[in-house]
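Protein sequences, first through last, are from chains B and C. In terms of the numbering used here, the first sequence has 447 at position 447, counting the first letter as 1, and numbering is strictly consecutive. Adding 1000 to a residue's 1-based position in the second sequence gives its number in the numbering used here.
Because the hints were derived from the structure by calculation, they are not lab data. Remember, predicted model here, so these are calculated numbers, not experimental data. There's no promise every hint is true.
[Unchecked claim] For lysine-lysine, the following DSS-like pairs were computed, each having C-alpha atoms within a straight-line distance of at most 30 Å:
hint	chain 1	residue 1	chain 2	residue 2
1	C	Lys1350	B	Lys83
2	B	Lys79	C	Lys1457
3	C	Lys1350	C	Lys1300
4	C	Lys1374	C	Lys1285
5	B	Lys135	B	Lys204
6	C	Lys1137	C	Lys1377
7	C	Lys1350	B	Lys79
8	B	Lys271	C	Lys1353
9	C	Lys1092	C	Lys1300
10	B	Lys83	C	Lys1374
Below, each chain spelled out in residue letters.
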Amino acid sequence: MSATNLWETVIGLEIHVELNTKSKLFSSAPNRFGDEPNTNITAVCTGQPGALPVLNREAVRKAVQFGCAVNAHIAPFSKFDRKSYFYPDSPRNFQITQFEEPIVIGGQVIAEVDGKEHTFAINRVHLEDDSGMLKHFSTFAGVDYNRAGVPLIEIVSEPCIHSPKEAVAYCMAVKAILQYIDASDCNMEEGSLRVDANVSVRLKGEQGLRNKIEIKNMNSFSNMEMALLAEIKRQISEYTHKPHLAHHEVIQQATFRWDPEKKMTVLMRSKEDAEDYRYFPEPDLLPIVLAESYIEAIRNSLPELPLQRERRYVHELGLSQHASFVITSDKRLADYFEEVLKECPNARMVCNWIIIEFAGRLKEFGKNVAEYGISAKHLGQLVSMIDKGVITGRIAKDVADQMVLHPDKEPSKIVAENPDFNPLHDTAEIEILVDKVIAEHPQSISDFLQGKEKAFAFLVGQVMKLSRGAAAPAVVNELLRKKISNLQKDDS
Amino acid sequence: MHTLSAIEIRDRFLRGEVSAVAIVRHFLDRIEKYDEEVGAFLSVYADSSLQHAAQLDAKRKAGMPLGKLAGIPIALKDNIHLKGQISTCGSKFLTNYVAPFNSTVTDLILKEDGIIIGKTNMDEFAMGSSTENSALKKTCNPWNLKCSPGGSSGGSASAVAARMVPLALGSDTGGSIRQPASFCGITGFKPTYGRVSRYGLVAFGSSLDQIGPFAANVSDAALLMEVIGNHCDKDSTSLNMPAEDYLKGFDGSIKGMKIGVPWQFLEELEAEQRTLFETALGHFKELGAEIVSVDLSILKSSIAVYYILATAEASTNLARFDGVRYGVRSAKAQTLNEVYDMSREDGFGKEVKRRILLGTFVLSSGYQDAYYRKAQKVRSLIIQRYKEVFSQCDLIVMPVTPTAAFERGAIKDPVQMYFADIYTIGVNLAGLPAVSIPSGLTGDGKPFGLQIIGGQKSDVAVLHAANAFEKITQYHLAMPDLIQ
């Protein structure tokens, strides 16, 4: 693998996002996923002759919102172009997109990669309409135009991404922003967020970019990571095995798709087959002209964004930066977190239970605790019981297991119903253990008496150990303090 | 009745002197009598128009309010949608295409109680200047059946010229209303771009297309403009201004008006046509207008610019005709690419294919700068030049065409045919309003038209001047022998 370290990866991403507007980009047809085929259509969606596009203002507003959220320049003047290609899912055989003058220019996205903040640059964001969907049957194919005309923004990054991990972090940060401003559902399975990647490699320190490969059909972040890893490996291997050929002969510009079964990228079309899209200004639409006041009003009414929330959690709640990034990268999860805090204000402990304990338990379901359906109230109750010393951390883990099995069940009930989960509250029994620990650790006691709080925690730990985790921490605490202060009195 | 104006027909109906059913019957009879020879109509809605007329009669009898077009039969060019009826656009490809919605102009006409009596022949997808490019029918000029009625709205023009219908709509992308109006000796008006909604008009060159009226006199054309010239939310390029009154101000006075003539641009006009044109200028002087010379020699580039921009837009507008969703799919096609190739091969005529190829070429990478972009720049210069000229004069006049109607089949070279539009195309490139009105007959008895052009949004002024000219000349009263 040492040869790999000589190489540098360059990735640029194109993220296509379906905006969650009520109607489509150029028609009044509903923008809704999952309905019967060809029910959400008007004459515009099927490209009827004589039908004309009329721009949806809500889509423009959402595109501008995103632009403001990533600190981009919002173009006061932008326009649409026709992009020509023949395919049955394209009802007019041209797509209406923004080629020359996009609505959003530049911008940055900050994401966390390996515990460090990383700033990614956006090149442009443009509005365009989605295509329909081809459905293949045994002897024929059909087209569903429900998706045709759904508003998309295409977010084009600079080629500033240098690893698959960075690519995932960038995508997640973009997705979080879109969710926070309520611009999209960002559901990759339903196709409301789709990513194409442009990948090339070069030797470290090399100037200029080598030919890039475009990868399509990566319908999850984990697929994307695998596809990028596979493609990078393939390119490095090609260059390594053909050292005498010119770079542009080794890798020729082409489009590949990710095959999740074979776990490899597969050639779709080479550059020679690339289409000439013959872009030119769309004569049926006027340019989008935005007043400065309109842009400012949107900028000023942006909701709290993921990064702002991340900063707030670090500063106000004392979360670590990493934990804060993880929990704020999903708006629903962060909202859930705040719900739990109403029940149990110990933010660090609550955060820990959400992003570590339950995340681990629910990994196999592919869901986080909010999505899984454990209520914020129940999670709050669980953490509260630990916080107040009603149950031990060890017992809490077992209770959590039960909560995964019975997501509707109150944790206090789970504890009440299972004698094993009932911590030892019998003072007499615990007292014996406390006495034993005090007798065995005179040094710790004198440390504690000299003001070392850590020594006290050690003593508590020793008692818990003797009780095999069953002693109620609150009782142990109380008894220990009482006994030690008695010792002091005895001394004096 | 057919010698009456549309306005008179309506007024007689409103006064109860004639029923709407009788009006429609009369014109259906005329279609029956003359259209076999003229070939103006692709479809005639005898039953539905009589039904509609009967409803209007009932409405009148019940004393209910009636609209501006009450009882007037109107024909639509076959690229304008009437819901539930076939819109062929003169193409084999769309012979099975039933319009799924009304065009805005159709809705506006129906709202004002006009009666849609049928749809008229045209050059395929409005591409042509003689209606010879129709894949479906041969249309003749009522003045001389050997001659072309002009095009592309030749069906609508010949229908009105033969008084088979008092009013008709056409569309004008490079002269397709004005040139056939000139050839057929009637009034044809191309409004300011955006004045009339294009919603429901099958697009040819979207930035140039405009629907407009044909009539036997200027007032009738103005009446129809009062109805169709309105803002429409479904067309993003529709002007955001309310409908205007045209007829109220028609007092025949254009005294003191400055009328520009681009003499340099008209150098090649032949003697007979020049004489007719100069006679027309004399009438304007009689009316007290001042004739000034203006420079529009830049329009010599207009044909080249137009055939780049219009075909570029058309190549994409016509891409939707692929046999996948509607239209005639080739029965031989087995694969997707065959559906595309064979349906378009079979469905489109030669001129349409020529223009799609041309439009595709001028947009291709490597050629776009030399053709499409350069043409856009020249278009901007033409717009600029017109603006300057309109600071020197109120209106521009020039002939509509270099010649009167030519014989069908006489022009074989497509580029020569393109030059039939040399005087009309500039108006479309600049989005201006312009009218074609009769200005006398040539020696061999063919109508020759005069074009009056105004600045943007001066539609009312253009028709006002045309009305004044018509009042003192009465050229519009001449009718073809065929129907006398």
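Outcome of the hint check:
A distance of roughly 25 Å separates the Cα atoms of Lys1350(C) and Lys83(B); the hinted pair therefore holds under the 30 Å criterion. A C-alpha spacing of about 24 Å is found between Lys79(B) and Lys1457(C), which places the hinted pair at or below 30 Å, so the restraint holds. Under the criterion of a C-alpha separation no larger than 30 Å, the hint pairing Lys1350(C) with Lys1300(C) is consistent with the structure, at around 26 Å. Between Lys1374(C) and Lys1285(C) the CA atoms are separated by roughly 40 Å; this puts the pair beyond 30 Å, and the hint is violated.
Our distance criterion of 30 Å between C-alpha atoms is broken by Lys135(B) and Lys204(B), whose separation comes to about 45 Å. Taking the CA atoms of Lys1137(C) and Lys1377(C), the gap is near 38 Å; set against the 30 Å cutoff, the hint is violated. Note on Lys1350(C) and Lys79(B): the hinted pairing is violated, with a Cα-Cα distance of about 34 Å set against a maximum of 30 Å. Proximity of Lys271(B) to Lys1353(C) is assessed by CA-CA distance (about 28 Å); at most 30 Å being required, the pair is judged to hold.
Of the supplied pair hints, the one linking Lys1092(C) and Lys1300(C) is violated, its CA atoms being roughly 35 Å apart against a limit of 30 Å. Our distance criterion of 30 Å between C-alpha atoms is met by Lys83(B) and Lys1374(C), whose separation comes to about 20 Å.
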